[in-house]
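Student: Now for the letters of each chain:
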Amino acid sequence: MANDGGRRSIREGLLIGPLDDLAQVHLCGSVCKTCGETSLGVSEICPNCGGVDLARKALADEGTLWTYTVVRHKPPGNYHGPDPFKPFGLGLVELPDGLRVMAPIEADIDSLAIGMPLRIRPYVLRTEDAGREVVAFAYRAA
Amino acid sequence: MSDVYILGAGIHPFGRFDKSYEAIGSEAAGDALRDAGVAWRDIQAAYLSRMYLPATSGARILRRLGGTDIPIVDIEAACASGGAALRQAVLAIRSGEVDLALVCGVEKMPRGFMDPSMIYAPWQIELGMSMNPSYWSMRAMRHMHEFGTTELQIAKVAYKNHRNSVHNPNAMYRKPFSIEEILASPMVCDPIRLLEICAPNDGAAAVVVASEKKARELGAREIRIAAVSHTIARYSADFRCPADSMSATANNPGPTEVTAHQAFAQAGMSPTDIDCFEVQDTDAFCEVEIYEELGLCPLGEAGRLIDEGATEIGGRFPVNMSGGLISKGEPVGASHLGQVVELVSQLRGQSGPRQVEGARVGLAHVLGAGGNCAVTILQA
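Top line first, the protein sequences correspond to chains U and S. Take the first sequence: its letter number 120 is residue 120 in this note's numbering, and every next letter is one higher. In this note's numbering, each number is its position in the second sequence, counted from 1, plus 142.
It is worth saying that the hints were derived from the structure and are not from the lab. For clarity, every value in this text was computed on a predicted model and none was experimentally measured. Glycine included, every Cβ here is placed at the ideal spot set by N, Cα and C. Check before you lean on any hint, since a few could be wrong.
Derived CB-CB ranges, DEER-like [as the list claims (entries may be wrong)]:
(1) S/R358 with U/G50: 42 to 52 Å
(2) S/R176 with U/G50: 45 to 55 Å
(3) S/P318 with U/H73: 24 to 34 Å
(4) U/D53 with S/D160: 49 to 59 Å
(5) S/A407 with U/R8: 42 to 52 Å
(6) U/G17 with S/P413: 45 to 55 Å
(7) U/Y123 with S/P311: 47 to 57 Å
(8) U/Q24 with S/D257: 33 to 43 Å
(9) S/P213 with U/D53: 42 to 52 Å
(10) S/R446 with U/P87: 24 to 34 Å
(11) U/I45 with S/P413: 34 to 44 Å
Let the hints inform the model, and build the full structure from the sequences given.
Tutor: Below, the structure written as structure tokens:
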């Protein structure tokens with residue numbers, strides 16, 4: 001098991017690599033050996049064809065902005081962004097692996113443009129009561 | 143397949159009321175029964191569509207009409223709940239077991255953005271990916287990029303629907319807004335603005351449906367259900383909440399296209415056979431996209447359709463004569479049946495200033511979370 005340095009991924013199976021060294025952390029994908037589709041995170045069953053022969057892989061760290069929006073109001077529920085709220089970019093990042101991943105885009109909201117090159121940034125979002133750090137991800141201009 | 147008819151329709155206005163969901167729902171159901179001229183004790187099965195109400199809401203609501211031992215089932219399929227419920231009633235009748243059924247959609251929802259825990263995983267909520275309008279907006283942004291659709295064209299849809307709502311006593315907002323006012327309203331998620339999105343609220347709508355035999359017996363074969371179809375989006379065919387990613391290689395047709403195709407096949411019709419449409423306008427762009435997916439125009443040309451005024455009352459394809467969800471609000475479980483009630487009124491020629499002249503065939507469409515989509519076609 002990779003050294004997690006007392007950290008956990010915000011969603012189980014979303015990240016691959018040692019969580020105590022964020023420079024080596026990537027998004028995790030599952031490649032279906034039956035249909036060839038790559039899906040986000042660790043899967044036991046291909047969400048496209050239902051195949052059960054899947055391989056894990058580290059997804060590319062760089063991609064391009066396929067579409068985006070600017071969230072202008074604080075999202076409802078247990079949102080963990082800056083306080084006071086600051087409007088932020090949210091987009092679908094197209095990766096060369098053949099999928100588009102939804103993620104916060106850490107860039108000046110006025111600079112957002114479809115096609116802009118982006119690079120993943122894993123980061124510690126918060127510390128849980130037990131002292132364990134929660135690792136999330138976002139993208140910023142490459 | 144045997145024919146199924148709508149004998150009567152009832153609606154409780156959509157809005158915000160200091161009133162229980164049981165009261166709102168039972169009023170709409172009672173109105174539908176009276177409109178049909180049918181007694182509650184003659185109904186053999188009932189289907190209640192809702193998303194945000196507690197367990198056994200159907201029984202809690204409909205018991206107010208009198209004691210009964212019929213099966214009452216709650217049905218949930220996000221924004222398509224009403225279509226899913228109507229489909230169950232139609233199937234029950236076609237099975238031959240039931241001749242008369244009641245379908246009722248009810249919702250009572252808090253003001254503001256919907257409770258994200260109903261739809262999203264906790265990690266999506268923490269990262270701010272849990273606002274429904276952000277999904278719609280990303281689709282709009284991409285459409286604008288690929289096809290040159292403009293913010294003005296999107297605003298024109300909201301303008302049309304707000305203006306139509308003035309004549310609908312069952313709508314929550316009945317105020318016309320100018321294009322300038324719409325484009326000056328606050329941005330919610332770029333490029334979608336406050337006057338271009340619908341609000342969750344309270345409301346109910348109901349219909350009484352019958353087998354051909356029963357409808358004939360009652361001399362009530364005025365409105366036939368020509369089709370009712372419900373599907374969920376195929377793999378990666380639709381980017382809608384709570385998706386966290388999508389395929390860049392799969393090329394499946396979207397849920398509206400698939401569901402409408404099924405409905406047109408059932409009805410033996412094509413888009414040009416439809417006289418009036420009520421479609422999902424959770425936001426103004428959603429309606430734009432649906433024009434293309436229903437086949438009212440080729441992909442990428444919806445903006446031109448709007449500029450031509452084709453979807454106005456009096457146009458080639460009148461859409462959302464009721465004012466749409468943008469002005470009615472979206473009580474999720476009730477929205478599709480609300481559309482069906484509007485179509486019944488249109489096909490009966492009872493819609494007053496928002497009447498589509500000579501309407502004989504109407505189509506209702508809903509689309510929401512998980513790519514749940516329902517299409518109903520009614521024929522007079």
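Student: Each of the hints needs a verdict: does it hold here or not?
Tutor: Going down the list of hints, with the structure as the test:
Against the hinted window of 42 to 52 Å, the Cβ-Cβ separation of S/R358 and U/G50 comes to about 46 Å, which satisfies the hint. Here the CB-CB span from S/R176 to U/G50 is close to 49 Å, well matched to the stated 45 to 55 Å. Between S/P318 and U/H73 the beta carbons are some 25 Å apart, a value that agrees with the proposed interval 24 to 34 Å. A beta carbon spacing of about 57 Å between U/D53 and S/D160 agrees with the range 49 to 59 Å that was offered as a hint.
At roughly 49 Å, the beta carbons of S/A407 and U/R8 sit within the given window of 42 to 52 Å. For the hinted restraint 45 to 55 Å between U/G17 and S/P413, the CB-CB distance of approximately 51 Å keeps it satisfied. Between U/Y123 and S/P311 the CB atoms are about 53 Å apart, so this pair conforms to the stated range of 47 to 57 Å. In this structure, U/Q24 and S/D257 meet the distance hint of 33 to 43 Å, their C-beta atoms being roughly 38 Å apart.
The given range of 42 to 52 Å is respected by S/P213 and U/D53, whose C-beta atoms sit roughly 43 Å from each other. For the pair S/R446 and U/P87, the supplied restraint of 24 to 34 Å holds, since their beta-carbon distance comes to about 32 Å. Checking the proposed 34 to 44 Å range against U/I45 and S/P413 shows it holds: the Cβ atoms sit about 37 Å from each other.
Every hint, counting from the list given before, is met by this structure.
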